[in-house]
Amino acid sequence: MRITRKVEFSASHVCAHPGLSPEENLRTYGPGANPHGHGHNYVLEVVLDGEPDPVTGMIVDLKDVKTILNRKVVEPFDHRHLNREVPPFDRVVPTVENVAVEIWNRLAPEFEGTAARLALVRLFETEDLYVEYAGAAN
Amino acid sequence: MIHLTRRYRFSASHRLHSPHLTVEQNRETFGKCDNPHGHGHNYKLEVTVAGAVDPKLGRVADLSELDRVVHAAAISALDHRNLNAELEEFSGEMVPTTENLAAVIRQRLLVNWPSSLPRLHRLRIFETRNNIFEIEEKI
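Protein chains in written order, with numbering that gives the first Met the number 0: chain A, 0 to 137; chain B, 0 to 138.
What the hints contain is simulated information worked out from the structure, not anything from laboratory work.
No experiment lies behind these values; they were computed from the predicted model shown.
Do not rely on the hints blindly, as some may be mistaken.
[Unchecked claim] The calculated lysine-lysine pairs, modelled on DSSO-like cross-linking and capped at a C-alpha distance of 27 angstroms, are: (1) A:K71 <-> B:K55; (2) A:K71 <-> A:K5; (3) A:K5 <-> B:K43; (4) A:K5 <-> A:K62; (5) B:K43 <-> B:K31; (6) A:K65 <-> A:K5.
Could you put together the complete structure from these sequences and hints?
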């Protein structure tokens with residue numbers, strides 16, 4: 000069975016690669032390359048996989064999930080400039096793809112050895128754009 | 000491997016009516032969707048692509064290219080149109096249900112899909128907030 004918890008954070012970023020010229024960055028990333036940055040209300044859905052405990056009827060204690068999501072994602076990402084304040088985005092372009100992969104890498108170890116396995120992260124950059132990532136093995 | 004989904008919108012009208020059924024059978028089968036004057040929806044179309052993240056650019060697809068392909072192949076032919084009267088695929092016997100519309104859009108996308116984009120993974124059409132149709136590509 001799968002259970003999904005949603006959290007939101009607001010952050011700014013610049014999508015530009017230092018190896019490309021300003022014109023190439025503008026061509027590649029469009030308005031996302033604006034050097035002054037811009038922001039989004041990101042919505043993160045974290046999908047966990049497990050079986051309900053026969054006694055509690057719960058796959059996982061959602062308080063624990065909330066604590067992990069706050070500590071590993073919301074606190075470091077919310078109201079931050081990703082390129083300037085959240086490594087590795089000082090050297091990795093903070094596209095929605097790369098932000099999702101980074102979130103997966105931060106969260107997956109937290110669920111190792113627990114009853115719930117991290118199955119998927121789904122990150123919405125806007126209502127009309129999202130990515131889904133289930134780890135490098137998938 | 001990462002899945003990226005982009006959502007598009009189009010507004011269109013249709014009438015669900017099969018030439019193989021009688022007036023009564025059509026009414027019975029399609030209910031109010033058989034209204035001869037047609038009716039419309041604000042459709043949402045989700046297009047999901049699957050591929051690897053380019054290590055340099057940090058992205059799986061060029062969104063402006065994806066937008067261009069989806070608009071040229073599908074949205075431009077659908078938005079503010081009457082599906083029965085204006086879409087070639089529905090000029091014959093095929094009823095413009097959203098099941099059939101999903102198949103039509105899939106076909107139009109695949110025919111026009113450039114090699115510069117990662118593979119098409121899934122289409123999802125919201126006819127209304129509560130009616131959702133999906134086609135997933137088999138690898």
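Hints, one by one, checked against the model:
1. Restraint check for A:K71 and B:K55: the C-alpha separation of about 25 angstroms stays at or below 27 angstroms, so the hint holds.
2. At most 27 angstroms may separate the alpha-carbon atoms for a hinted pair to count; A:K71 and A:K5 meet this at roughly 14 angstroms.
3. For the hint linking A:K5 to B:K43, the alpha-carbon distance of about 22 angstroms falls within 27 angstroms, and the restraint holds.
4. Proximity of A:K5 to A:K62 is assessed by CA-CA distance (about 13 angstroms); at most 27 angstroms being required, the pair is judged to hold.
5. A hinted pair counts as satisfied when its Cα atoms are at most 27 angstroms apart, and B:K43 with B:K31 qualifies at roughly 21 angstroms.
6. Note on A:K65 and A:K5: the hinted pairing holds, with a Cα-Cα distance of about 9 angstroms set against a maximum of 27 angstroms.
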